[in-house]
Every structure is written in structure tokens, then in C-alpha cells.
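Residues 76 to 363 in my numbering are what the sequence shown lists, from first letter to last.
If you are wondering where the hints come from, they were derived from the structure by calculation, not from laboratory data. Quick caveat: nothing in here was measured; it's all calculated off a predicted structure. You can trust all of the hints, since none of them are fake.
For each label pair, taking beta carbons as the anchor points, the in silico distance ranges come out as:
id, residue 1, residue 2, range
1, R120, M223, 18 to 24 angstroms
2, E82, P237, 17 to 23 angstroms
3, V284, P237, 47 to 53 angstroms
4, R120, E253, 28 to 34 angstroms
5, G328, D154, 37 to 43 angstroms
6, P233, T289, 41 to 47 angstroms
7, E258, R118, 33 to 39 angstroms
8, K152, V256, 29 to 35 angstroms
9, P237, D344, 43 to 49 angstroms
10, P143, G328, 46 to 52 angstroms
Don't be surprised by glycine CBs; every beta carbon is placed ideally from N, CA and C.
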Amino acid sequence: MSTAFDEHRLAVVGAGVMGTNISALALGHGVDVVLVETDEAARDRADGTVRHKLRHAQLMNVLPADRPQGTLTITAKLDDIADADTVVEAVTEVAEVKKEVLGAASKLVAPGTTLISNTSCIPIEEMAAWTARPEDLLGVHFMNPAYMIKMVEVIRGPQTSPATLERATDLLTVLGRESLVIEDSAGFVINRLLHPLINTAAMLVQEGVASVETVDNLLQGCLGHATGPLRTGDLIGLENLVDSLNVLYERRGDESCRPCDLLLAKVRDGHLGRKTGRGFYDYGKAAS
Numbered sequence: 076m077s078t079a080f081d082e083h084r085l086a087v088v089g090a091g092v093m094g095t096n097i098s099a100l101a102l103g104h105g106v107d108v109v110l111v112e113t114d115e116a117a118r119d120r121a122d123g124t125v126r127h128k129l130r131h132a133q134l135m136n137v138l139p140a141d142r143p144q145g146t147l148t149i150t151a152k153l154d155d156i157a158d159a160d161t162v163v164e165a166v167t168e169v170a171e172v173k174k175e176v177l178g179a180a181s182k183l184v185a186p187g188t189t190l191i192s193n194t195s196c197i198p199i200e201e202m203a204a205w206t207a208r209p210e211d212l213l214g215v216h217f218m219n220p221a222y223m224i225k226m227v228e229v230i231r232g233p234q235t236s237p238a239t240l241e242r243a244t245d246l247l248t249v250l251g252r253e254s255l256v257i258e259d260s261a262g263f264v265i266n267r268l269l270h271p272l273i274n275t276a277a278m279l280v281q282e283g284v285a286s287v288e289t290v291d292n293l294l295q296g297c298l299g300h301a302t303g304p305l306r307t308g309d310l311i312g313l314e315n316l317v318d319s320l321n322v323l324y325e326r327r328g329d330e331s332c333r334p335c336d337l338l339l340a341k342v343r344d345g346h347l348g349r350k351t352g353r354g355f356y357d358y359g360k361a362a363s
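Using the sequences and the accompanying hints, generate a full structural model.
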């Protein structure tokens with residue numbers, strides 16, 4: 076007898092931080108995953124990274140104990156998504172890259188296949204124009220780490236069909252996530268608030284107003300921020316943050332979204348945050 080979790084055939088495109096997070100989340104809830112990654116080095120790391128995240132999720136007791144893990148298939152071929160009923164695009168926040176992936180993916184899968192972009196800032200309406208069937212596309216903004224943070228931001232584009240929204244939220248329920256649905260806008264809710272905050276925090280450090288630690292401690296101690304904005308930036312990945320800020324600045328013209336010199340310098344120097352071992356903070360070694 077089939078159950079809710081084994082009725083889903085999930086494909087994830089992109090084996091970076093969020094692609095491996097989403098894959099671990101799905102596998103831990105019993106959903107099989109096809110993970111597509113064209114970069115050979117990233118593909119070689121993907122299985123170990125996903126398994127590491129699954130072990131972390133198990134240690135944190137955030138996975139259902141009554142489900143067998145799903146199976147993971149890692150491939151370099153986008154054609155291998157053809158049988159999926161849901162495809163999650165989790166590539167870098169660069170419009171040209173997302174356009175290529177979403178355009179190709181939408182032509183490979185059957186009509187009615189749910190297309191989800193894990194976009195940070197690019198509007199769904201803009202991305203829908205790149206697809207064969209705009210009504211099948213919506214955004215789901217998973218937080219990092221996706222298997223730990225239960226709430227997700229679900230973005231309904233102007234052309235997203237009610238059936239697509241229902242299918243996506245049904246899958247998210249199977250994955251143990253709580254969906255809050257919003258309307259389309261560049262940066263949506265989370266990142267229109269968060270990314271300018273991180274950028275402004277970096278500006279304060281750049282101007283010598285306060286140290287990295289002082290900025291984060293003030294936001295934690297006075298405003299109840301869980302980690303502080305600069306630690307959060309390190310977790311996101313500073314190159315991803317800069318890409319998203321550029322999207323916001325280009326589409327909204329808000330000067331608070333123009334990446335500051337300190338952020339740009341860290342990205343230029345390869346100090347991208349936790350994953351490289353150094354960002355605003357020194358982590359000693361690159362994180363898995």
C-alpha cells in the first residue's frame with residue numbers, strides 16, 4: 076500500500092548548500108530524490124554532504140522515526156528529471172543560470188509537473204516567462220538548514236495555478252514544513268527585510284562604528300535576533316548574499332541593497348562564510 080511520502084518523485088537541480096539541504100530533508104521524510112549537478116567536483120561531494128546532513132538531522136531528532144529513508148540518485152544529466160512530479164531548482168541566484176535551467180527543465184517534464192524555484196530574490200513572474208508552462212511554476216524559499224527550520228515562504232506568481240499551489244503545499248506537508256503563502260515581489264518578505272539588514276550591518280563594520288561581534292551582539296541582545304545578521308550572512312554564503320543584493324538593487328533601486336565594499340572585498344578574497352572557513356568570522360576550516 077502506498078503512503079503519502081512514497082507517492083512523490085522529487086528532482087532537485089543544483090547540489091550546492093540549498094540543493095543538498097533540500098535533498099536531505101526529502102530523503103529523511105522518505106521521499107526519493109534525483110539530484111542533478113553538472114559540476115563534477117560538486118557532484119563528487121554531493122553524496123557525502125547529503126549523508127552528513129542526514130546524520131545531523133537524525134542527531135537533532137528532526138526527522139520522522141517511522142519512515143524509511145528515501146533513495147538518492149546523483150546524476151549529471153538534466154534529462155533524468157523527466158519522470159519527476161516535482162522539480163526544485165536550487166542553482167545560484169543569477170538570472171541567466173536560472174533561466175537556462177528552468178527553461179530546459181520545463182520542456183523535459185510532463186504538463187502538470189510542479190516546478191519550484193528556491194529563488195532568494197528573483198520574482199516568480201520574471202522566471203515564469205522562461206518556462207514552457209508558467210502556470211506550473213511557484214517559489215518556495217527554504218531556510219538554511221532546510222531540514223531544521225520548519226517554516227517556508229511560498230511565493231505565488233501571477234500565473235501560478237491553484238492546482239500547482241495545492242500540489243506544492245501538499246508536498247511541503249509531507250516534508251513536515253509549515254507553508255506561509257505570499258504574493259510575488261522581488262526579494263519576497265524574508266529577503267526584502269533580511270538582506271538590506273545584513274548589508275547595513277556590514278556597512279557599520281566598514282565605517283568603524285562597531286566591530287563584527289558588537290553588531291551581532293546588539294541585534295541578539297536588544298532585538299532578539301537568533302544569531303546576529305553577520306553570522307547569518309556567513310551561513311547564507313557571502314557570494315550568494317551579494318548575488319541576491321544585486322538582484323534587489325537592480326529591480327528595486329534601493330540604495331540599502333547595493334552591496335557594500337566590505338562584502339564585495341570578502342567575496343573577491345574568497346572569504347565566503349562558514350563553507351570556506353572564513354567570512355565575517357573565522358571558523359577554522361571549511362564546513363561541510
